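Just so you know, the protein sequences line up as chains S and X, in that order.
At position 111 of the first sequence (counting the first as 1) the number is 111 in this note's numbering, and the numbers step up by one without a gap.
At position 9 of the second sequence (counting the first as 1) the number is 9 in this note's numbering, and the numbers step up by one without a gap.
Treat the hints with care, as some may be off.
[Said to hold, decoys possible] Pairs of lysine to any residue residues, derived as SDA-like cross-links and limited to a Cα-Cα distance of at most 25 Å, are as follows:
{"#": "1", "chain 1": "X", "residue 1": "Lys62", "chain 2": "S", "residue 2": "Ala3"}
{"#": "2", "chain 1": "S", "residue 1": "Lys62", "chain 2": "X", "residue 2": "Pro198"}
{"#": "3", "chain 1": "X", "residue 1": "Lys62", "chain 2": "S", "residue 2": "Gly99"}
{"#": "4", "chain 1": "S", "residue 1": "Lys62", "chain 2": "X", "residue 2": "Ser5"}
{"#": "5", "chain 1": "S", "residue 1": "Lys62", "chain 2": "X", "residue 2": "Phe94"}
{"#": "6", "chain 1": "X", "residue 1": "Lys62", "chain 2": "S", "residue 2": "Ala197"}
{"#": "7", "chain 1": "X", "residue 1": "Lys62", "chain 2": "X", "residue 2": "Asp276"}
These are calculated hints, taken from the structure and not from any lab test.
The structure presented is a predicted model; accordingly, all values stated were derived computationally and were not measured.
Here is what each chain is made of, one letter per residue.
Number of protein chains: 2
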Amino acid sequence: MRAVSEQRAFGGVQGVYAHPSDACGCEMTFGLYLPPQARDGKVPLLWFLSGLTCTHENAMVKAGAQAHAAEHGIALVFPDTSPRGAGVPDDPAFDLGQGAGFYVNATQDPWAEHFAMWDYIAEELPALLFHRFPLETELQGITGHSMGGHGALTIAMAFPERFAAVSAFAPIANPVRSAWGQKQLRAYLGPDTARWAPHDATLMMHDTGFPGPVLVDQGGADPYLELLMPEALAAAMAARRQPGAFRIQAGYDHSYFFVASFIADHLAFHAEAMAD
Amino acid sequence: MRAVSEQRAFGGVQGVYAHPSDACGCEMTFGLYLPPQARDGKVPLLWFLSGLTCTHENAMVKAGAQAHAAEHGIALVFPDTSPRGAGVPDDPAFDLGQGAGFYVNATQDPWAEHFAMWDYIAEELPALLFHRFPLETELQGITGHSMGGHGALTIAMAFPERFAAVSAFAPIANPVRSAWGQKQLRAYLGPDTARWAPHDATLMMHDTGFPGPVLVDQGGADPYLELLMPEALAAAMAARRQPGAFRIQAGYDHSYFFVASFIADHLAFHAEAMAD
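Taking the hints into account, I'd like the entire structure generated from these sequences.
Okay, structure coming up:
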């Protein structure tokens, strides 16, 4: 692992690191914000999974999360959204291939060799982070935006003991029923829809829910509402009596201005869940 | 004038607008954040002038200023840093021509026809803003980063009655003595250094100072310290007994992580000065 950059921010350090990834078979880059409290010992960790087209950098520079992470003494990790590089397959569309890993382990060609974002986020990157940085394994939360909201919800429900809480900004909520999902799950996992179900937050909410609290924010003026299908997840949360909140934020769109406007609430939500 | 985009942010609206500019002889683009309080009447206005290579967009998406502007009920304007477009001269270097207007009215060819950022910021854009938006002419502040800190300080001292306060992040503080300044002032204004002096914050601080408070933040680990020459401005502020503060922030560099880390202080500083 090598440090690409380390910059002081809000009394802590915003680092960018690159490392060879076994899961993805290429070099992967991530951002890690360590709050000032990390100088004195281990700190909790909040995962931020990003959306389509994003690298590790978008949320790191646009979400405004570090100010609140420093306040609460929580580290933030900003992983990339897919394997990348000259040897990694890609697709001309923005929503498939590089920048669009969808947080699954691809089984279909040409994706199977490199596109293992589920293993990368759930196994390989945690092992690296907890080995190399002062992070408290027992105090983790996870959040994400759009495709990253999908990733956060599905990974949290698959590892219910790992995270104190899960939240999401405008998640792709019901991908097995949406054009944002059917295309990618078919490409990465093949035509058998039984293999898609463990990657659908609404279906997982119906089946198991999450033992901790769940917070979802969705902009009411989001231009992608028909692709995100928030009403399916909201209905599933209500049917399960899932602790937490599903909020429509009137007038907000799908951008980082929306994320930044509510990131303080999400940091406070995770901090409270970690303190319980 | 046309609206390029308008997005909800922190309860207000982050707009981007484009308009034909007489001063610059081309279309100019700016960002304007109106806080929620602007729905009920006129609000104060804080100018944010950006640095080399920036457009209207960098500070708008990276500085994290809107959260605090909403809290204080202050609008933010993010102008571009130069004229732009196919008909506008440019230079291969990043620090001359497009993206590097230096907040002066060029008198030398090939720059004189378009590069009038002083008039644009001090005359044309204010007239447009106060005509079209609910902004309080009598409650203005100005800040900026790097080249934009230079612009904020020099424009504030040239129009001492206009601004309640001025602040800057890592300003180019003494351009007549620095490679960041001599090159551009010579190119834009010609070899007569007497014409450069009204565009040097340190010289202006020596000559007149500013009637309101001045806040300057400078990262102690800024890689451009020798080009910025903060010690010259700090000495001039101290010699004049200028009300305000010059702060070295240990460990911080020249990036927007530095700006974002202290933007809350600057908004609070301007809000307090406007309230006096």
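Evaluation of the provided hints:
Pair hint Lys62(X) plus Ala3(S) holds up; C-alpha atoms about 22 Å apart against a cutoff of 25 Å. Using a Cα cut-off of 25 Å, the hinted pair Lys62(S) and Pro198(X) is violated, with the two alpha carbons roughly 36 Å apart. Of the pairs offered as hints, the one joining Lys62(X) and Gly99(S) holds, with about 21 Å between alpha carbons and a cut-off of 25 Å not exceeded. The suggested pairing of Lys62(S) with Ser5(X) holds, with an alpha-carbon distance near 17 Å, which does not exceed 25 Å.
For the hint linking Lys62(S) to Phe94(X), the alpha-carbon distance of about 24 Å falls within 25 Å, and the restraint holds. With a C-alpha separation of about 37 Å, the suggested pairing of Lys62(X) with Ala197(S) is violated against the 25 Å cut-off. About 29 Å separates the Cα atoms of Lys62(X) and Asp276(X), which puts this hinted pair outside 25 Å; it is violated.
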